[in-house]
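**Student:** Those sequence lines, one after another, are chains A and B. Using my numbering, the letters of the first sequence map in sequence onto residues -13 to 347. Using my numbering, the letters of the second sequence map in sequence onto residues -13 to 347.
Some hints could be false.
Because identical chains share one entry, a pair is satisfied inside a single copy or across any pair of copies.
[To be verified] Calculated cross-link-like contacts (lysine to any residue; reagent style SDA-like; alpha-carbon spacing at most 25 Å):
(1) Lys182 with Arg17
(2) Lys60 with Pro19
(3) Lys60 with Glu12
(4) Lys176 with Asn67
(5) Lys176 with Arg244
(6) Lys176 with Gly290
(7) Lys176 with His18
(8) Lys176 with Asp140
(9) Lys314 with Leu255
(10) Lys60 with Thr94
In short, the hints are calculated from the structure, not lab data. Since we're looking at a predicted model, the values are computed, not measured.
Take a look at the letters that make up each chain.
2 protein chains.
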Amino acid sequence: MTDALTIAIDAMSGDEGPGVVVEGAEMSRVRHPEAKFVFVGDQSRIEPLLAAHTDLQSVSQVEHAPNIVAMDEKPARALKNRRGTSMWESINCVREGRAQAIVSAGNTGALMAMARYQLKTIPGVDRPAIAGIWPTIRGESIVLDVGANVGSTDRQLVTFAIMGEACARFLFGLERPSVGLLNIGIEDLKGTENVKGAAQTLVEADLPIRFHGFVEGNDIGAGTVDVVVTDGFTGNVALKTAEGTARQISHYLESAIRRSFLARIGYLLAHGAFRTLRSKMDPRHMNGGVFLGLNELVIKSHGGTDALGFASALDVAIDMATAKLPRKIEEDIRHIYGDDISVIDEIANGSNGQEKEAAVS
Amino acid sequence: MTDALTIAIDAMSGDEGPGVVVEGAEMSRVRHPEAKFVFVGDQSRIEPLLAAHTDLQSVSQVEHAPNIVAMDEKPARALKNRRGTSMWESINCVREGRAQAIVSAGNTGALMAMARYQLKTIPGVDRPAIAGIWPTIRGESIVLDVGANVGSTDRQLVTFAIMGEACARFLFGLERPSVGLLNIGIEDLKGTENVKGAAQTLVEADLPIRFHGFVEGNDIGAGTVDVVVTDGFTGNVALKTAEGTARQISHYLESAIRRSFLARIGYLLAHGAFRTLRSKMDPRHMNGGVFLGLNELVIKSHGGTDALGFASALDVAIDMATAKLPRKIEEDIRHIYGDDISVIDEIANGSNGQEKEAAVS
Chain A
-13 MTDALTIAID AMSGDEGPGV VVEGAEMSRV RHPEAKFVFV GDQSRIEPLL AAHTDLQSVS
47 QVEHAPNIVA MDEKPARALK NRRGTSMWES INCVREGRAQ AIVSAGNTGA LMAMARYQLK
107 TIPGVDRPAI AGIWPTIRGE SIVLDVGANV GSTDRQLVTF AIMGEACARF LFGLERPSVG
167 LLNIGIEDLK GTENVKGAAQ TLVEADLPIR FHGFVEGNDI GAGTVDVVVT DGFTGNVALK
227 TAEGTARQIS HYLESAIRRS FLARIGYLLA HGAFRTLRSK MDPRHMNGGV FLGLNELVIK
287 SHGGTDALGF ASALDVAIDM ATAKLPRKIE EDIRHIYGDD ISVIDEIANG SNGQEKEAAV
347 S
Chain B
-13 MTDALTIAID AMSGDEGPGV VVEGAEMSRV RHPEAKFVFV GDQSRIEPLL AAHTDLQSVS
47 QVEHAPNIVA MDEKPARALK NRRGTSMWES INCVREGRAQ AIVSAGNTGA LMAMARYQLK
107 TIPGVDRPAI AGIWPTIRGE SIVLDVGANV GSTDRQLVTF AIMGEACARF LFGLERPSVG
167 LLNIGIEDLK GTENVKGAAQ TLVEADLPIR FHGFVEGNDI GAGTVDVVVT DGFTGNVALK
227 TAEGTARQIS HYLESAIRRS FLARIGYLLA HGAFRTLRSK MDPRHMNGGV FLGLNELVIK
287 SHGGTDALGF ASALDVAIDM ATAKLPRKIE EDIRHIYGDD ISVIDEIANG SNGQEKEAAV
347 S
């Protein structure tokens, strides 16, 4: 039995607008005949695009939302002007149960602020995290948090480990994904107090998690573990440093090739190989950051994505919604923390006001 | 007038031993006829190597130190067993004024612990930092701290900015190097309290520093600024993530080339280009991490370096010693903090015991 699934789509999001979004949905529909879509945005722009894809049209609805959140809009401002934006209204579809996940290629900060505001965190989770899907030598790994927070307590890092592990189980189909804590050395005595505290809990608390121990920056690309846990500051710097290094090497490669005639001939012959390489280094393959820790599923697609990238974000949303990921995380958290959850919720509620400030600033 | 300069060399350090060290010194001697060397280590192994290079021998002394600090030795243990090690005795040469800088390819943690113990920090500096020389699209940048500390206050970050700026001035010959603070966004409101506090001081305190503002992870490889300031945890993760990404791309490139016959032919033709690329990605070009904030100069060469890499670390040591970098940093710190220095020294002395624990654990 496959339940019908509906994905809400922020159709006005991303640099390329609804054309790319509709093309992406068409690609994803072919792979997921069980899925339905709600396109939220400017009806007059979406409907003509859907009319060109009758199969997609037959499993889709359009919900009119005339306003757009700008890519550079401050989260606080976006939250203030939320009514009638495609972002807010598409999240609302999920809140009201008319969809099981929402995908947006829009402004990350605004999306997180609006999603927290409408969907709230899972009981026991005081901070949501953004999980990135990182290509590695061995395949793919989940890295979290890549930028929802600026600092994390040891308890938050443990929660990230629980959420990331659940995510890897369903996204990669692994029974027991391995989890590592990002640190500046693999010896027990190194690292910040928060990292050491989180490691101690993961070792001692007898959690149903295959904890590998500490990993270092170079272990991410090597694929040493399936899930890399870190605070949002370090994770974001690591992600952008890796992107920068890939761009730097592309630059070196191009200028090395331009330098001689033989190199250019060689490049032409090896063209297929370079295309493979470029595709491996393509940020679209990291498309689909998942917001973990909210009561419903929110998937962030890269702002500059094309239809292929948007389709891959939709695929992630459909897989995660089929697995009912937020409910699994809720069960895991309850199983691990038990009655202790109320304490966390107090902290979460007590600091929600403050955190909202941080998230939307 | 060029003063005679003496560089103390931990001759037993590094994976390859004194052979590589002596070869490296010979290369550096040719470029720096004003330099003299003190080789510290096992006399019976160093002297025969020097005998093969009579020009080098004529500007060198050998100081016998029979013991070696192992690469995997814990800093606390190394410090306990310091007497008679080539590392300790070579630092001692600098402490006693018989050399103006010391270069070692040994155990980083042990080197930092021994150097702090013998040389102490510059007045006003409570934490030394390790400055890495990072290849960028535009040339080279200084990144600090890349691993001496696990966390940094805003005041420490400001001190890193002052020290990194002085380092870039003399190492790259720049009159006004630009300085950026590593953050997860370039907007003023993002980041940790420490990073925001450091930015505020760098903007408001009217320091003689060309402060660019915040930079992100991808700006490091792009060479957006000459000096990137960050705490030791983030800097170390960024450095190792960049190394891991470079290794990952090499791996993709190799497997892409192996995949087809044409690609292999192309690779052979473009061989020179690939050699250039590999040399750009070679960690030896990042050789020569500088310990900043100590009263004397300590240069760390990569443990797995060859003679070329060791020579480049010696060149850095000679340039920095000629510029009298620690004295310049001392002047800069005094100029900026003035009488306020005593407060910092109190903090530094008060927490020295604790910090030593951290550094040597």
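**Student:** Next step is simple, just say for each hint if it's right about the structure.
**Tutor:** Hints, verified against the model:
In the homo-oligomer, the alpha carbons of Lys182 and Arg17 never lie at most 25 Å apart, since the shortest distance is 43 Å inside one protomer and 47 Å across protomers. In this assembly of identical chains, the alpha carbons of Lys60 and Pro19 never lie at most 25 Å apart, being 38 Å within a copy and 59 Å across copies at closest. For the identical chains of this complex, Lys60 and Glu12 are neighbours neither inside a copy (32 Å) nor across copies (58 Å), given an alpha-carbon limit of 25 Å. Proximity of Lys176 to Asn67 under the C-alpha cut-off of 25 Å is restricted to the inter-copy arrangement: shortest distance 21 Å between copies versus 46 Å within a copy.
Neither within a single protomer nor between protomers do Lys176 and Arg244 lie at most 25 Å apart by alpha-carbon distance, with minima of 45 Å and 40 Å respectively. For the homomeric pair Lys176 and Gly290, the shortest alpha-carbon distance between copies (22 Å) is at most 25 Å, but the shortest distance inside one copy (39 Å) is not. Neither within a single protomer nor between protomers do Lys176 and His18 lie at most 25 Å apart by alpha-carbon distance, with minima of 46 Å and 39 Å respectively. Taking the closest pair of Cα atoms, Lys176 and Asp140 come within 25 Å of each other both inside a single copy (15 Å) and across two copies (22 Å).
Taking CA atoms no more than 25 Å apart as the test, Lys314 paired with Leu255 passes in neither setting, with 50 Å inside one copy and 54 Å between copies. For a Cα distance limit of 25 Å, the shortest separation of Lys60 from Thr94 inside one copy, 10 Å, qualifies, whereas the shortest one across copies, 43 Å, does not.
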